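Fit chains B, C and D to the given chain A structure using the hints.
Chains A, B, C and D, in that order, are what the protein sequence lines are. Note that my numbering has the first sequence beginning at 1, numbered continuously upward. Note that my numbering has the second sequence beginning at 1, numbered continuously upward. Note that my numbering has the third sequence beginning at 1, numbered continuously upward. Note that my numbering has the fourth sequence beginning at 1, numbered continuously upward.
Do not rely on the hints blindly, as some may be mistaken.
To be verified - Have a look at the derived ranges for each label pair, beta carbon to beta carbon:
#1 B:Asn777 - A:Glu91: 49 to 57 Å
#2 A:Ala163 - B:Ser830: 48 to 56 Å
#3 A:Pro142 - B:Pro629: 28 to 36 Å
#4 B:Gly984 - A:Val14: 44 to 52 Å
#5 B:Ala440 - A:Arg64: 42 to 50 Å
#6 B:Val3 - C:Met1: 51 to 59 Å
#7 B:Ala77 - D:Phe78: 44 to 52 Å
#8 B:Ala440 - C:Met1: 39 to 47 Å
#9 D:Arg86 - C:Arg383: 45 to 53 Å
#10 D:Pro6 - A:Leu99: 27 to 35 Å
#11 B:Asp92 - C:Met1: 45 to 53 Å
#12 B:Ala444 - A:Pro142: 26 to 34 Å
#13 B:His782 - A:Leu99: 48 to 56 Å
#14 D:Pro6 - C:Arg227: 46 to 54 Å
Honestly, the hints are just simulated from the structure, not real lab data. In this text the structure is predicted, and so the values were computed from the model without any measurement. We treat Cβ as the ideally placed atom computed from N, Cα and C, and that holds for glycine.
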Amino acid sequence: MSDECAARSIFAAVPHTAGTGRGVIAIERDGLAIAHLAARATQLAQLTERFREHFGMVLPDGARRVAAHGVAVAGIAPQRWLLIGEDAGEEFVSGRLALLEHYAALVELSDAYAVLRLRGAQVRASLAKLVPIDLHDTRFRPGDVAQTVLEHMPVTLWRLEDAPTGEPMIELAVGRSFAVSLYEALRESATEFGFCFEPTAKG
Amino acid sequence: MSVNRLEGEGAIERERTLSFKFDGRRYSAHPGDTLASALLAAGVSLVGRSFKYHRPRGILTAGSEEPNALVELRSGARREPNTRATMIELFDGLQACSQNAWPSRAFDLGAVNSALSRLFVAGFYYKTFMWPAAWWEKVYEPAIRRVAGLGRASAESDPDCYEKVHAFCDVLVIGSGPAGLAAALTAARAGARIIVCEEDFLPGGRLNGDRHEIDGTPGSNWARTAVAELRALPQVQFMTRTTVFGAYDGETYGAIERVSDHLAVPLAHQPRQRFWKIVARRTVLASGALERTVVFGGNDRPGVMLAAAVRTYVNRFRVTPGRRVALFTTGDDGWKTAFDLLAAQVEVPLIIDARTQVSAALLQRARGHDVQVILGGQVLSTAGSRALRRIEVLDRGGRVRRVRVDALSVAGGWSPNIALATHLGMRPRWSETINAHLSADLPASLCVVGAAAGEFSLAGALRSGAAAGREAACSVGFAAPLPSWRTDDELIDSTPLWFVPGSRGKAFVDYQHDVTAEDVALAVREGYRSAEHLKRYTTLGMGTDQGKTVQLNGHALLAARTGREVAEVGTIAARPPYTPVAIGALAARERGRNFRPYRFTPSHRWAEARGAVFVDAGQWRRAQWFPLPGETDWRSTVAREVNTVRAAVGVCDVSTLGKIDVQGHDAASFLERIYANSVSTVPVGRVRYGLMLRADGMVLDDGTVARLAEGHYLLSTSTAHLGQVMRHLTYAQQVLWPQLDVQLTNVTEQWAQYAIAGPLARTLLEQVCADALALSNADLPHMACAPLRWLGQRARVFRISFCGELGYELAVPARCAEPTVRALMQAGESLGVTPYGTEALGVMRIEKGHVAGAEINGTTTAQDLGLGRLVSQRKEFIGRVLAGRAALSAPDRPSLVGLKPLDPQARLTAGAHLLGMGAPARLQNDQGFVSSSAFSPTLGRWIGLGFLSRARERLGERIRAYDPLRNLDVPVEVVQPVFYDPEGLRVKG
Amino acid sequence: MRYSLFALLRQGLMAHRGWTPAWRDAAPKSAYQVIIVGGGGHALATAYYLAKVHGITDVAVLEKGAIGLGNVGRNTTIIRSNYLLPGNLPFYEFSMQLWEGLEQDLNYNAMVSQRGVLNLFHSDAQRDAFVRRGNAMRLHGVDAELLDAAAVRRMLPFLEFDNARFPIQGGLLQRRGGTARHDAVVWGYARAASERGVDIVQNCEVTGFLRAGERICGVQTTRGEIRAETVGVAVAGNSSRVAAMAGLRLPIESHVLQAFVSEAIKPLIPCVVTFGAGHFYISQSDKGGLVFGGDIDGYNSYAQRGNLPTIEDVCAGGMALMPGIGRLRLLRSWGGVMDMSMDGSPIIDRTPLPGLYLNAGWCYGGFKATPASGYCFAHLLARGESHELARAYRLERFASGDLIDEKGQGPQPNLH
Amino acid sequence: MRINCPFCGERDLSEFSYLGDADSAKAIASAAQSEREQIDAVYLRANPAGVHRELWYHAFGCGSWLNVTRDTRTHEIFAVQLSRERTP
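In isolation and in its complexed conformation, chain A is listed as follows:
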């Protein structure tokens, strides 16, 4: 990626802490490569097979996320997934086009989302104020994916393995245009627990 497009954080202009403490910590997940993968009609079996060969993973057939070798795939609808690459660059999608094109539509969406990783003891309590889904430990397990609504904004959440400290980690993706409104909602809901934001490691 050219330096010019290593854009400033979407969250550069918003306050980065609220309240006292670190009940909820939000980390910007910039630099993710994201693509929409939609199976072609009648090609699901072949796609699954090809995908397994190439990525060493089985495409989940529900709202689940699996990951291996820096690549994750999250089921978002019947026969549709988000393919997510860590620090993968733009060739992440283009490099796989030829591979999967016959079996699926693969559409670049790396810039369409703002993704935040949330961790801390109060992540669930905070999110409970925002999303109408059950985030209880046993109902939204590591690897679960949920698409839902957050104050009129469409959002996608997935739960990662818990942090070594035992705290839950949830990543939340929202359309880039909504990022600031979403951030404000999150920050306000977390203020009573103490909120801090950490820009992406890449600065």
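Just chains B, C and D, lined up with the frame of chain A:
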């Protein structure tokens, strides 16, 4: 001054004192008091005035069902009218005022209404105030409005915030009285995820108000231990000060937690109240029962109080409502009040039991205390001006005696509190056993226990609670042993006495709305005989208490007057909320600027830095124009932007337009069924204008269709219609033609897109991407598209133009938005480039006669829009058949025209109607309207687009644009809708 | 028995023992000239105008329960004639004119209160659409004024002006619009119709139609068969169910609309206000309660009760518009079943079955139409042909394309 | 109301948007119909008080169209199917 405070332990902290003010006077109380208990302790029995007759009123209950003791709490922006004194948890510095009284609650001039009460009977206003006709609104209604209403609202913005929380559980337990606690303990011990909601700030329900023993310990202690056990369990959420106000479909319950109402102001980062949306797999309703009053003369006098409330004040708050308290009861339960008062050293001169026979045990106990007992007696009336002084009692022998008392406790029997169970539409059933309604036809997920189920004994409450707790836990997969607790047996016999037939004076059926037994009789006389008609005619049960303590008495009176049984009268459906809920709490965060999210385009901050003025386009914020220093009038800014685009080049952020990626082997044939015009014939690398219809033949949206590869299209939609179009496409894909191979991806957020338009557009673009892309007419003609490398990224350029100049749209990944727009500005500096906003864009599209949202308004066909030629006659597509209906192609149906004021200086306004030149301004002569208008800097005059009947025949005709709302009436000429470059040569430049 | 202040004073002296039933609770006869199915506002108004205007008094109004407990008793009592399209505007204006003389006509105080109806707008496009509507009103002689933001602020200073997500730009005001006491309208029409000889039959549910060939010649009821030359159906909320008994499918879906009332407070809101950027409208009743509402719940329902998301949505709209109502309390919410038609406009027409006539599809605008609807339906029942003002409300308009779609939403009833 | 989306699980009403009677959809897909048949299909409804087969869109979830069978008197939901997988 605590004249009525009793000795001994209750649930108040005696060692701490709080100070508060009522009607400006200072009093003191203790933590654990409510405003009601504190006022009673201070000997204040007159709390406010009634709605219609301004009768003095006191405190009737100890709970949320209170009809009388309403006050304005707090002041300024935090003023809360109609707050029940019985629900106000006392805090230091609390201020409250009585309502509906002037100049003071003791000397209220409105009490003159009481003298006129012969006129102000139920429904009197329907029969009068009709003459002279004009006086209703000028005189009578304003006067009625002034005297009606209860407290005063603050007109200021509510300074506190509210929060919404989504909660999920296996078992929701509503109420923490003995039945609720038994259910919660049983289910929680089994391991189920539980939420317990208790309305009061002190859990325990009647265990706090009554003197019971469970397992040899006082009931209030048992409750405390049970709550501690529950609170210690991680899967239990125990919430006090939380009212479940409504039951909704899908096992969803609404609850309000009063987080900060017991504080002067909320703590930092805390809401005033929290609105819980609780989804429960099972629900145990343990909401207890509500004690009823008896309708007798003067039953509203301050000092008359429900018997169980008296017990609550005595036992929990250590307050007595008076020093000489009589009891009027219809069942065994009321006697407990007398004994509790006696135990607290309060004089009880008299027990009047409406029953002629009661158990020997009760009589013996009363005799032991030297209390006079009248069996088969009835209270006929009460006396006292602002407080109770005396009651008149009729005994079985027909003798009337007067007894001096300063308080009267009334036990009219209990009605199970089943409001929540009826919210889902179930009609309650009448029980002959308990003479009240019980819930019926409950859904499998809901179980009613304890007094709410008619189990009025403590043992019964515990037993039914535990059984329901176990059943609920089992049904969600937890094995629960059934606990049991030891309690005393109680007498629970009761015979209803709904009203005292020979009452003297006003006997109230609805305290808050001053509905009397006479009003019920009047309503019956006038034919308002169904329970609903009675309610509506007399306003019985329509107050803030929704008639919780009296409605059944009213129905019993109705039954008696119409010769029916109470059961035949039916019920009034309880509607949510169970108790009134702050509107702010239900809105939670969605107010002010948080009402809806903002959407920002990827280069929003650049535009902001550039001084753009923004406009709301749905949720989007779009740059409307970019004023330069010195430009004070927006019109001159817009004119400069338009002129620059027409003469040189401008750049506009069009990222908000919808972009949908369509792929698949059947993409082309799928889109053929969607668009009215042919799109399968678009060659790869080309773009076509496309028109989508709804099934009813009206235009849904327009946009471009770019073919990126054989089975790969990119559609654009208008900003406003993206959601609808996406829904429409997925509907077609999944519902109509699931067999087609089509993949849809909304890529709107992925791409930032900039229109670069003007005669120098190519020059500008060449300066920044000449090495990436050949831009000549031959290489990239009008309506072509091509990929390119841009700032090291994959980008796309479309040669399309909305404003009618040579134009391109450059699409870049969103993160490159700011570098892109900066690069364009920098490169264009020497060319005189300007950024332009939506306003200039709007002006230029009107100059070109392009239709937009004002024209594609859901009622226009392709033909109306002058786009009929686009509609294919050779294929099937959505909307084709119904677009052909007779009236939609009738010649007098208005269609698109251009409009030009004859006077070049004259302003043309959107919303003006079109009339024939000589025709009077009447609806019959209405021939259309102006849909869009603008001052065209290019033409130096106002122009507009509009819809006009028989448009085709009328080019050149002079008509009127009639806008009486703005006092405009402008002669205009009907012209072709394209004002600028009608041959369309400039886009091809 | 005539109602007046003098009557009230006289009765006051005799403990109000002399009042008689407002309307006769009639037992059904075996045959009538006209039967009106339904005992709501439109049905009772129809009966009244049949008797008054057309002299037809051999009329029965058949109500399955007690009169006036359907939508006429469940609405937010707003009256107005601020319509856009020529099919609607003259009709609703006529209704407004009937409201203006209703109390004297019926000798029953329906508390018609012309407090003004103010529609707020929040964008240029919305302003233009409102101006178009206001100008249409003016063309028909209906009062309409365009207010700018400053004028709105003078009128309603407690609205959210300074911190709004969608700032108020102005409003379209119809001063003659306002509210009326809904129950009084029912009882007033019932009393006036009954006095003219109409039989109001309560607890009489229609369970089927009697036919002579294609022709409808009466109804079956829970109280026996009743014959009639003419049967009119005015059962909004249940139109499809009743039509189905005659084998008809209608361009109607039943949707639930919720309404809300707050605890009573002293006068705060002087007129009816509608929020243009969210689903919310509000007025204050004579009794002091804030009466408000918003959008329909959005799915077919006969349940007469609503769901929580709509309540949240309405309250959010309320707080976004009037942040001072946060501490006021919602007292009661309820639902009514709306006849949502396919273009958002009503139907007053004959049906394909001779002898059977239909008054339906009022969406959530039926209350304000009560007088004119009754007037025009009576005309149709008496003369067999549409009243001039209701000529656009034909069943066939969906086939012909003569739609009356004020909102432009097409055949998607939950969007009207 | 809560709808059990076959893909996402049981979700709150606020995530869904409603289209209406599922049978109307057929008419729009079938081009072979006469104008009259299409008018009836687009404009007329059975509108039953009772079991109703209807279409919902999981707008804020997976974007699936759902065929829902529901009682319009009680709002009880009996069945939910993905429209694309529905049994004809």
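Hint check:
1. At roughly 34 Å, the beta-carbon separation of Asn777 (chain B) and Glu91 (chain A) lies outside the given 49 to 57 Å, and the hint is violated.
2. In this structure, Ala163 (chain A) and Ser830 (chain B) meet the distance hint of 48 to 56 Å, their C-beta atoms being roughly 54 Å apart.
3. Pro142 (chain A) and Pro629 (chain B) have their C-beta atoms about 56 Å apart, which leaves the hinted 28 to 36 Å range violated.
4. Against the hinted window of 44 to 52 Å, the Cβ-Cβ separation of Gly984 (chain B) and Val14 (chain A) comes to about 46 Å, which satisfies the hint.
5. The beta-carbon spacing between Ala440 (chain B) and Arg64 (chain A), approximately 43 Å, falls within the hinted interval of 42 to 50 Å.
6. The hinted window of 51 to 59 Å between Val3 (chain B) and Met1 (chain C) holds, with their beta carbons roughly 54 Å apart.
7. A beta carbon spacing of about 49 Å between Ala77 (chain B) and Phe78 (chain D) agrees with the range 44 to 52 Å that was offered as a hint.
8. Hint check: Ala440 (chain B) to Met1 (chain C), Cβ distance near 42 Å, so the stated range 39 to 47 Å holds.
9. For Arg86 (chain D) and Arg383 (chain C), the hinted distance range of 45 to 53 Å is satisfied, since their beta carbons lie about 49 Å from each other.
10. Checked against the given bound of 27 to 35 Å, the beta carbons of Pro6 (chain D) and Leu99 (chain A), roughly 30 Å apart, stay inside it.
11. The hint said 45 to 53 Å for the Cβ distance between Asp92 (chain B) and Met1 (chain C), and at roughly 60 Å that hint is violated.
12. Ala444 (chain B) and Pro142 (chain A) have their C-beta atoms about 33 Å apart, which keeps the hinted 26 to 34 Å range intact.
13. For the hinted restraint 48 to 56 Å between His782 (chain B) and Leu99 (chain A), the CB-CB distance of approximately 36 Å leaves it violated.
14. Checked against the given bound of 46 to 54 Å, the beta carbons of Pro6 (chain D) and Arg227 (chain C), roughly 53 Å apart, stay inside it.
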